[in-house]
Each structure stands twice: as structure tokens, then as C-alpha cells.
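There are 2 protein chains.
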Amino acid sequence: MQITLNHGSGGRVSHKLISELFLKYFQNNVLSELTDSAILGFFDGKIAFTTDSYVVDPIFFPGGNIGKLAICGTVNDLSVAGAVPKFLSVAVILEEGLPYDELETIISTMSQEALKAGVTIVTGDTKVVPKGKGDKIYITTSGIGILDPKFTDISYGVRVKPGDKLIINGNMGDHAIAILAARESLRFETSVISDCAALNHMIQKILEICPQVSFMRDITRGGLATVANELAEKTKLGIRIYEENIPLHPSTMGICEIFGFDPLFLANEGKILIVAPSQYANDIVNIMKDFPEGENASVIGEVVDEHPSQVILQTLSGGKRLLEMPSGIQLPRIC
Amino acid sequence: MQITLNHGSGGRVSHKLISELFLKYFQNNVLSELTDSAILGFFDGKIAFTTDSYVVDPIFFPGGNIGKLAICGTVNDLSVAGAVPKFLSVAVILEEGLPYDELETIISTMSQEALKAGVTIVTGDTKVVPKGKGDKIYITTSGIGILDPKFTDISYGVRVKPGDKLIINGNMGDHAIAILAARESLRFETSVISDCAALNHMIQKILEICPQVSFMRDITRGGLATVANELAEKTKLGIRIYEENIPLHPSTMGICEIFGFDPLFLANEGKILIVAPSQYANDIVNIMKDFPEGENASVIGEVVDEHPSQVILQTLSGGKRLLEMPSGIQLPRIC
Numbered sequence: 009m010q011i012t013l014n015h016g017s018g019g020r021v022s023h024k025l026i027s028e029l030f031l032k033y034f035q036n037n038v039l040s041e042l043t044d045s046a047i048l049g050f051f052d053g054k055i056a057f058t059t060d061s062y063v064v065d066p067i068f069f070p071g072g073n074i075g076k077l078a079i080c081g082t083v084n085d086l087s088v089a090g091a092v093p094k095f096l097s098v099a100v101i102l103e104e105g106l107p108y109d110e111l112e113t114i115i116s117t118m119s120q121e122a123l124k125a126g127v128t129i130v131t132g133d134t135k136v137v138p139k140g141k142g143d144k145i146y147i148t149t150s151g152i153g154i155l156d157p158k159f160t161d162i163s164y165g166v167r168v169k170p171g172d173k174l175i176i177n178g179n180m181g182d183h184a185i186a187i188l189a190a191r192e193s194l195r196f197e198t199s200v201i202s203d204c205a206a207l208n209h210m211i212q213k214i215l216e217i218c219p220q221v222s223f224m225r226d227i228t229r230g231g232l233a234t235v236a237n238e239l240a241e242k243t244k245l246g247i248r249i250y251e252e253n254i255p256l257h258p259s260t261m262g263i264c265e266i267f268g269f270d271p272l273f274l275a276n277e278g279k280i281l282i283v284a285p286s287q288y289a290n291d292i293v294n295i296m297k298d299f300p301e302g303e304n305a306s307v308i309g310e311v312v313d314e315h316p317s318q319v320i321l322q323t324l325s326g327g328k329r330l331l332e333m334p335s336g337i338q339l340p341r342i343c
Numbered sequence: 009m010q011i012t013l014n015h016g017s018g019g020r021v022s023h024k025l026i027s028e029l030f031l032k033y034f035q036n037n038v039l040s041e042l043t044d045s046a047i048l049g050f051f052d053g054k055i056a057f058t059t060d061s062y063v064v065d066p067i068f069f070p071g072g073n074i075g076k077l078a079i080c081g082t083v084n085d086l087s088v089a090g091a092v093p094k095f096l097s098v099a100v101i102l103e104e105g106l107p108y109d110e111l112e113t114i115i116s117t118m119s120q121e122a123l124k125a126g127v128t129i130v131t132g133d134t135k136v137v138p139k140g141k142g143d144k145i146y147i148t149t150s151g152i153g154i155l156d157p158k159f160t161d162i163s164y165g166v167r168v169k170p171g172d173k174l175i176i177n178g179n180m181g182d183h184a185i186a187i188l189a190a191r192e193s194l195r196f197e198t199s200v201i202s203d204c205a206a207l208n209h210m211i212q213k214i215l216e217i218c219p220q221v222s223f224m225r226d227i228t229r230g231g232l233a234t235v236a237n238e239l240a241e242k243t244k245l246g247i248r249i250y251e252e253n254i255p256l257h258p259s260t261m262g263i264c265e266i267f268g269f270d271p272l273f274l275a276n277e278g279k280i281l282i283v284a285p286s287q288y289a290n291d292i293v294n295i296m297k298d299f300p301e302g303e304n305a306s307v308i309g310e311v312v313d314e315h316p317s318q319v320i321l322q323t324l325s326g327g328k329r330l331l332e333m334p335s336g337i338q339l340p341r342i343c
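Same order as they appear, the protein sequences are chains A and B. Going by my numbering, the first sequence opens with residue 9, and the numbers climb by one from there. Going by my numbering, the second sequence opens with residue 9, and the numbers climb by one from there.
This is chain A alone, in the form it adopts within the complex (with noise of 0.2 Å):
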């Protein structure tokens, strides 16, 4: 069975696709109320919001889906303001044609993933576009998450000091290396897989045992090149990385110079970024060690007062050389 123009209708066709699909694997009983806005409270305070549209191609790879990558982009996009994730909304624009299983599968993944973060889907769209108008898939999820008064200024970089550190969970280029090995038009092998993975549980640990975090931000389009001039622009501080303490899977370097590539500038979907005090730093690598995610934690540089606005790479081979944001793209369509 594969999806038709039908099931974008609005009537009985889409209808059925939304209560046998979207309800069976996502029910609550706010989305089966099927009203036009879903009914959420009761709140008291202050609220993160967030959207992101998911365009990947491959729709599947080496570490999941699309519908994964949905969900955990989002719950971290949420977690990285400090915020608990609460409520996802979840949009579906689909190809005429799409396999109706494939969906099924996505549709699947993203329960699991929302079951595993701890948030609800409570509101949804469907959409079907004709062939040659979509790609198999789009998905555009948006997020709500409950903020501590603590946490509402962690994303504004306000709280970063020179002499914070910069701490990752683990390698770099996982999510884009796995990504570009199951395109169609190269297809080679490698054991690299997506770190794809909703970060949530492991970003709270880390706030509720050292709420002193001065920023926090996942690490996706871009990398951590893209991360960190975002950073020494916001604060117009200097930022400098070691290489040598920047973990990468064995094979990655290997692939990144067979097509030219830099691991600093590809996209992640399981890392973040944390900078903190100093004397916290080893607290924090030690929390996210006890997470499969973190598993690969590293102090990888600090904020200094030199260079202001820029970020300095310390090399291997012992050099500097100034980080800069990549102008443009080397891997289109990467989430």
C-alpha cells in the first residue's frame, strides 16, 4: 500500500491514515481528542519553544530515521535552553507513492523516541504533495519544554566567563559520516552510525548536579566549528579548541580526507556543546560517562580573553589556525 493524495484530504481516507496510524502508535488523550489545537496546562512560569524541519536524505541510515532525528532534535533543542521537554507537535508533509510500511516504520521510531525523552505528541498535520513534488518525507516537529527560573538566561551565553570550559560528549562527524555512506550515489561501508539521540536525561543529570552551566547548545548543521563562532560572537570572548583532545571514531578521519572533508564542520545529531567553570569540568565529563551517549566526554578548550570574537584551533601539529564559520554547505540535506 502507498500513500495517496487521498490521505491528504482532510476527509474519510485521512482520516482513517490519522486514526490507524498517527493515534495507534503516538495515543494520549489529548491528541485523540482530535481537536484543531491540542489543550495543554497547567503552566506556571516561563516556557522554550522551538521548531525544526527534518529534510534528510536517506530517509533511513545507519542509526535511524528520519522520525528519530525529528524527535531528538527537537527534545534537544528544548534541553539546551535548560528547559524539560513536555509536548511535541508533530507535521508530515508526504509524497504520492510513499510506501505505506516505510511510514509505519517512521511513525514507529518516533513513539519509542517520544516514550524514551519523556514528551507526548499532542498536536499533528498530514500533508501529501504529488510525486516529484516532496521527497518520501518531511517532518517538521515543534516543541514545548517547562523552564526552571534558574535556567532562562543558560541560552543567551550571558553567564560564559574566560577561563570556562568547553566540554563535548563524544566524537564529532558521526551523524554526517553515516549519512554520506548511505547515499545512493556512494554508498561504501563503514561502521560509523548516527549518534542520532535524545540527550534530555543526560543534560538534566548534568544541570541538576551543576546548575552553575554557563551555556549549553547541540551541536548539528555546521558542527562544532558553527557552534563555537555562534559562541565567540555572542559573547565576544575568544574560544580555543585543542584538536588533540577532540574524540573521533577511527574511521572518520580516514573518510574526511578521502572526500575532503573537515570533522569540525559536519553535522552531529547527538552532541552538545556545554561550557562551565572550570573547576566543574571533570564533574561533567564524568556525568555524561555514565551515558551511553557521553561515553567519549572531552574537555576540548576554554574561553579566553585573547582574540575576542574568534575561535583559535590549536593543532595537532602544534600550530593555531583561526576557526572560522563554514560559509556554505558540505553536505546538503544532513537533517
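There may be inaccurate statements among the hints.
No copy labels: a pair is met if it fits in one copy or bridges any two.
What the hints assert, rightly or not - Within a straight-line C-alpha distance of at most 25 Å, the following computed DMTMM-like cross-link-like pairs (lysine to aspartate or glutamate) qualify:
id, residue 1, residue 2
1, LYS242, GLU41
2, LYS141, GLU104
3, LYS24, GLU241
4, LYS24, GLU332
5, LYS328, GLU241
6, LYS32, GLU241
7, LYS169, GLU41
8, LYS94, ASP52
9, LYS139, ASP65
The set of hints was computed from the structure by calculation and includes no laboratory data. All of these numbers come straight from a predicted model, not from anything done at the bench.
Since the structure of chain A is already known, use the hints to place chain B on it.
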């Protein structure tokens, strides 16, 4: 200038697009922080949360464009839940090659419509897909509204009882006819323009004067027939609709005959169904008529004890027929 894959890279070219287009038009303090999540507050009570993807073809049509649709549709979904729309997210999936000035027109329209509706665009995302993997632009908006405790049960249908009147705020099918007329393949002349409009101010006025409203729903994909059937199924009551009371643009009937369409199945983008106790029906019609979006408002039917879960149409010719929910689609990509 055209959109390229680099605009979706997350790197410097993406940042330029975001700051020179999105931040320029959507300008506000929350969005300009460029954090992964928007930080919103202070909330105290329940909220409504909704999402919709817009894939309309063509993206420009008489009466609006896809950007206007994406703001108004989501504002209306929140409003019919009894909520006051406050915050929107905007996620765009751009097709490589989209002319920059078309994108700018759409974003500018979104900014104007958000201003009129009194909502703030606080977070967003931009993805670019290769040529032939999308269709110019798809937009997903999600929205958060504040819900007055008085109205938390309004979207569930639990207030509806026999004797309640059904009221609509004007012509059925204008949006679908306008889209049809604008389609490349069959372009024809008509004076019908899309009814696309944010109805939140009108709805808030109605709720203020008449908080006894039993139920509201916007009449979009699938038309009045779909909304009436959803209501009948939800309440297990009968719905009776009088064909002679349904306002239509003079051209609509003729166009429907040519294409074999039924105006009760056609999509609208600025129409709501309101169900209210009989004694308030005229007041509601009068409030509607005070707004340009309600000038053809009309009481079109009632809720009855007979034929539970079914919608019966009292036809112009004096007969009765079962008005079923459409199974499939009359016109794909209408919204």
C-alpha cells in the same frame, strides 16, 4: 537572486539569509536572540498548541499567498479552541532555485499578517532541498495561545445540545475556487478571491459578548461537510443544514457545476462554524457582520435529536439528503 542549497547549510550564508530576511521582517526581541528555543513567559494557566504545514499550489493566488495562509490558518486553529493566539514558530522548506524576491514577498506578508493578528513569530527554521524535491516553498507554522479557563472545554463538543444553531461567517468555497482559477493547468477568469483571513479578533469579540458558545471549528480542507460530520460523530447528535441559507459567491455555483464540485465540500481559509444556543444566534450573526470577514454571516442549521451522528441537508428543491464526509479529495494542495 535565487535560493541555493548553501542557504540551508547552517553556515554563514544561512545566517545572512536569517538576519537579512527573517529577522528583518519578523523583528522582535525573542527571535533576535537566535537561541535554539524561544524563551516565553510568564504563563499561568492552560495553553492551546497547534501545528499545520502549508503546501498550497500555486503559492501566490488572488487574495493571498502561502505565507498569509500559514499565519492565518494557525491563528484560526488556536482561536477556535477558545484561545488568544500569542506566539508562532515558522519552519520553511525552500526548493533550490526559488527566486529571492518571491520569498521576500511571502515573508513580508507573514510579518504583516502576524502584526494584524497580534501574534509574535518567536522561533523558526530554514531548510533547502534540491530542485525537484519540493515545490518552491512549504511552510509549517506552530502556535501557542493562552486559554481562558472558561473556554477549555469548547473544542471538545461537550457543550453542544439539541436546539443549538449552526452559524457560519460567509460564503462557502471561495478559497478553493480562487486556487482552482489560479492553477497553471486550467487558469480561468473569476471574481472570486480567497477568503484567507485571521479570524481571532472576530472570534474574541463573539466569546466576549457570548461566552455561552457551544463549539467552534474552522472550515478548511474537506469543507463544511467534513466539519459538520466531525461534529455529528463527536456529539452523537444529528445535524440539520438548510441549503438555502448557505451563502455562496454568485460565480461559485456555476464553476462548481462545470467542474463537478459541491461547494459544501470545498476548502475555505477564513470561515468558521459556530454552534451556539438558539437565543444567541442572531447576536453572533450581528457581531460577525461588524467584521469584513463576516459580512455574509448566516444561521445555516441546527443540532437535532433525530438521526444521531448524521448530517442531513435540506435541499433547495425541498428534498432531504444525507451529507456524508467526503472520502477523498476534490482538489489536492488547497492549503
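Do the hints match the structure? See the list:
With identical chains, the CA atoms of LYS242 and GLU41 are at most 25 Å apart between copies only, with a shortest distance of 9 Å across copies and 43 Å within one. For the homomeric pair LYS141 and GLU104, the shortest alpha-carbon distances inside one copy (9 Å) and between copies (12 Å) are both at most 25 Å. In this homomeric assembly, LYS24 and GLU241 come within 25 Å of each other (Cα to Cα) only across copies, at 14 Å, whereas the closest approach inside a single copy is 50 Å. For the homomeric pair LYS24 and GLU332, the shortest alpha-carbon distance between copies (15 Å) is at most 25 Å, but the shortest distance inside one copy (50 Å) is not.
In this assembly of identical chains, LYS328 and GLU241 lie within 25 Å of each other by CA distance solely inside one copy; the values are 19 Å within and 69 Å between copies. In this homomeric assembly, LYS32 and GLU241 come within 25 Å of each other (Cα to Cα) only across copies, at 19 Å, whereas the closest approach inside a single copy is 46 Å. Taking the closest pair of Cα atoms, LYS169 and GLU41 come within 25 Å of each other only across two copies (19 Å); inside a single copy the shortest separation is 48 Å, beyond that limit. For the homomeric pair LYS94 and ASP52, the shortest alpha-carbon distances inside one copy (14 Å) and between copies (16 Å) are both at most 25 Å.
Within a single copy, LYS139 and ASP65 get their C-alpha atoms as close as 16 Å, and across copies as close as 14 Å, so both meet the 25 Å cut-off.
Checked against the numbered hints above, the structure violates none of them.
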